[in-house]
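Undergrad: Based on the sequences and whatever the hints tell you, model everything.
Number of protein chains: 2
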Amino acid sequence: MNDKLLVLGTMAYDAIESPFGKTGKILGGCATYIGLAASKFKTSCGLVSIIGGDFKKAHLKLLKSNGLDLSGVDCLSGEKTFFWSGKYHNDLNLRTTIDTQLNVLNKFKPKVPDNFKDSSIVLLGNLDPNLQGEVLNQMSDPSLIIMDTMNFWIDSYRDKLDEVISKVDVFSLNDEEARQITRTHSLVEAAQKLHAMGPSYVIIKKGEHGALLFNGKKIFCAPALPLEEVFDPTGAGDSFIGGFAGYLSQCGRITFEEMKTATVMGSAMASFTVQKFGTESLEAITPERLKQRIQAFKSLTKFEIELT
Amino acid sequence: MNDKLLVLGTMAYDAIESPFGKTGKILGGCATYIGLAASKFKTSCGLVSIIGGDFKKAHLKLLKSNGLDLSGVDCLSGEKTFFWSGKYHNDLNLRTTIDTQLNVLNKFKPKVPDNFKDSSIVLLGNLDPNLQGEVLNQMSDPSLIIMDTMNFWIDSYRDKLDEVISKVDVFSLNDEEARQITRTHSLVEAAQKLHAMGPSYVIIKKGEHGALLFNGKKIFCAPALPLEEVFDPTGAGDSFIGGFAGYLSQCGRITFEEMKTATVMGSAMASFTVQKFGTESLEAITPERLKQRIQAFKSLTKFEIELT
Numbered sequence: 001m002n003d004k005l006l007v008l009g010t011m012a013y014d015a016i017e018s019p020f021g022k023t024g025k026i027l028g029g030c031a032t033y034i035g036l037a038a039s040k041f042k043t044s045c046g047l048v049s050i051i052g053g054d055f056k057k058a059h060l061k062l063l064k065s066n067g068l069d070l071s072g073v074d075c076l077s078g079e080k081t082f083f084w085s086g087k088y089h090n091d092l093n094l095r096t097t098i099d100t101q102l103n104v105l106n107k108f109k110p111k112v113p114d115n116f117k118d119s120s121i122v123l124l125g126n127l128d129p130n131l132q133g134e135v136l137n138q139m140s141d142p143s144l145i146i147m148d149t150m151n152f153w154i155d156s157y158r159d160k161l162d163e164v165i166s167k168v169d170v171f172s173l174n175d176e177e178a179r180q181i182t183r184t185h186s187l188v189e190a191a192q193k194l195h196a197m198g199p200s201y202v203i204i205k206k207g208e209h210g211a212l213l214f215n216g217k218k219i220f221c222a223p224a225l226p227l228e229e230v231f232d233p234t235g236a237g238d239s240f241i242g243g244f245a246g247y248l249s250q251c252g253r254i255t256f257e258e259m260k261t262a263t264v265m266g267s268a269m270a271s272f273t274v275q276k277f278g279t280e281s282l283e284a285i286t287p288e289r290l291k292q293r294i295q296a297f298k299s300l301t302k303f304e305i306e307l308t
Numbered sequence: 309m310n311d312k313l314l315v316l317g318t319m320a321y322d323a324i325e326s327p328f329g330k331t332g333k334i335l336g337g338c339a340t341y342i343g344l345a346a347s348k349f350k351t352s353c354g355l356v357s358i359i360g361g362d363f364k365k366a367h368l369k370l371l372k373s374n375g376l377d378l379s380g381v382d383c384l385s386g387e388k389t390f391f392w393s394g395k396y397h398n399d400l401n402l403r404t405t406i407d408t409q410l411n412v413l414n415k416f417k418p419k420v421p422d423n424f425k426d427s428s429i430v431l432l433g434n435l436d437p438n439l440q441g442e443v444l445n446q447m448s449d450p451s452l453i454i455m456d457t458m459n460f461w462i463d464s465y466r467d468k469l470d471e472v473i474s475k476v477d478v479f480s481l482n483d484e485e486a487r488q489i490t491r492t493h494s495l496v497e498a499a500q501k502l503h504a505m506g507p508s509y510v511i512i513k514k515g516e517h518g519a520l521l522f523n524g525k526k527i528f529c530a531p532a533l534p535l536e537e538v539f540d541p542t543g544a545g546d547s548f549i550g551g552f553a554g555y556l557s558q559c560g561r562i563t564f565e566e567m568k569t570a571t572v573m574g575s576a577m578a579s580f581t582v583q584k585f586g587t588e589s590l591e592a593i594t595p596e597r598l599k600q601r602i603q604a605f606k607s608l609t610k611f612e613i614e615l616t
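Just so you know, the sequences run in chain order L and V. Residue numbers for the first sequence follow the numbering used here, so the first one is 1 and each next one is one higher. Residue numbers for the second sequence follow the numbering used here, so the first one is 309 and each next one is one higher.
Just so you know, the hints here were simulated from the structure itself, not pulled from any lab data. C-beta atoms are modelled at their ideal positions from N, C-alpha and C, and glycine is treated no differently. If a hint is listed, it holds; no wrong ones were tucked in.
The list that follows gives simulated cross-link-like pairs (lysine-lysine, DSSO-like), each with its CA atoms no further than 30 Å apart:
1. 193(L) - 217(L)
2. 217(L) - 584(V)
3. 302(L) - 606(V)
4. 298(L) - 514(V)
5. 218(L) - 599(V)
6. 206(L) - 395(V)
7. 193(L) - 610(V)
8. 302(L) - 350(V)
9. 610(V) - 206(L)
10. 610(V) - 4(L)
11. 525(V) - 302(L)
12. 525(V) - 276(L)
13. 606(V) - 193(L)
14. 525(V) - 291(L)
15. 501(V) - 302(L)
16. 599(V) - 298(L)
17. 395(V) - 193(L)
18. 302(L) - 610(V)
19. 87(L) - 501(V)
20. 526(V) - 276(L)
21. 606(V) - 217(L)
22. 606(V) - 218(L)
23. 610(V) - 217(L)
24. 526(V) - 302(L)
25. 610(V) - 42(L)
26. 501(V) - 22(L)
27. 514(V) - 87(L)
28. 298(L) - 276(L)
29. 298(L) - 610(V)
30. 42(L) - 117(L)
31. 606(V) - 206(L)
32. 525(V) - 298(L)
33. 514(V) - 218(L)
34. 193(L) - 584(V)
Incomplete in silico selection of chain L near chain V, CB under 8 Å:
35. 186
36. 209
37. 229
38. 261
39. 294
40. 300
TA: Written out as structure tokens, the structure reads:
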């Protein structure tokens, strides 16, 4: 395995309202969150995405300074960057989209840079499954293909979605989406049905309740860190899968044991993201802070039992 | 600490309907579930409850054969046992009460047997807080007082409930109830408010998402075992707290570390209970099955991380 991680996803501007406040246009998009989370690990991470002429130089600089390769990011200078605005309600589990302006996304033809075609890990962020498929076709022979999705694609692009799912190794989605796609309430049963669609690893994200990693009969349960205040859930799932992939890229081995650790790393990244609006908290992660947080996850779950 | 565990709670007949089937009148009640779960550990457990003349000898025999002391169970031979019937909906999280017949419960004057007044652990099961208070008044000097409650008592008996809460060491309730009682969405914040009401340990049960144990700044997260099929959630919370108390009674030490293990033991008991209707699965637990289940919890949560 090489240390290259190729990420497909959106780069965007978001405007977010939560019970804790309201932002102006801030940096967003799944590739942004994934890339920033992955960049906390030793990996050569390249983004494939598209932006408009309004995308700020400071934001490009931020991503580059985190070691992200942007040679796969197309820029349509006469157009505008993808924009999303949404509002979270009191319990933060309910989200209403206020506005979606696809802008440059309408013309997105993802192109994997030559030097990333041999990446050992490909991460297909939450996006049109047709684009996910196009990126897969450009890769030479990845060791691990990870895919994230969301309800919109399940509703409207089911055939293409199923085709891409059949080709991936790790499929990540949330509990409601797992139930929606499999028409099954039990998550254990849902995971089995998702396995049958192709992926040998299934990750079901449960928000504040953590995440479940399935590999056939093996199950691992990563908790979410109980937090006093969650400011903004935007990007939590992307940060999760970015941390997951970044860790696997760094460790260079892909076993169930490594996946377990990767799941905890992903949960740690998500726990940072939700503590501030946008990418602010993710940007501020230092190796020391990450270490402390992982320690918190350890003490949260570790128990000793001697059975007589 | 002695090995005595005094349990206050109901003994009942239930009729349950779930998407998986329908029962006739079966053995139920929180004291029954708590007692059966606690009896899997080395403890001298006595129940304080009330039954009617219709309570079957076979059921008394079952409880006794599990080592439970029933000298604190009052029997009003001319009356009927407490009866509850309810229906679970498709996702098993929603439950509708079809019928509640308090019967003997209307005349319940709990009386702690003399030889259980010095019990080291008292467990006040989900019941009228006035009765919980009466039992506390009869105890000499317990090392640990554990209390369970539910939404009904929060709605209608708030003052008395608060009074009892102020006297207990461990307060167990579910996430919705924690939010209801504290008017706080964040469970971390809710736990702090509950601490401020008296209990130094707070357990927030989250059903299929496990349970959180709080002790000031310390948090432990016990997962629920992901199960393929949940037949009947009745008694899961009672089995949880029964296993929790039974384990603490057996180990004879009360520290945060022991509480963590006790929380896992409780989760294990709950995981058995929901797999069959009523107490059937709880009755069938053997030391070997318990060992296997605890092993499953271990592998569900254990991960190794080396941070450089």
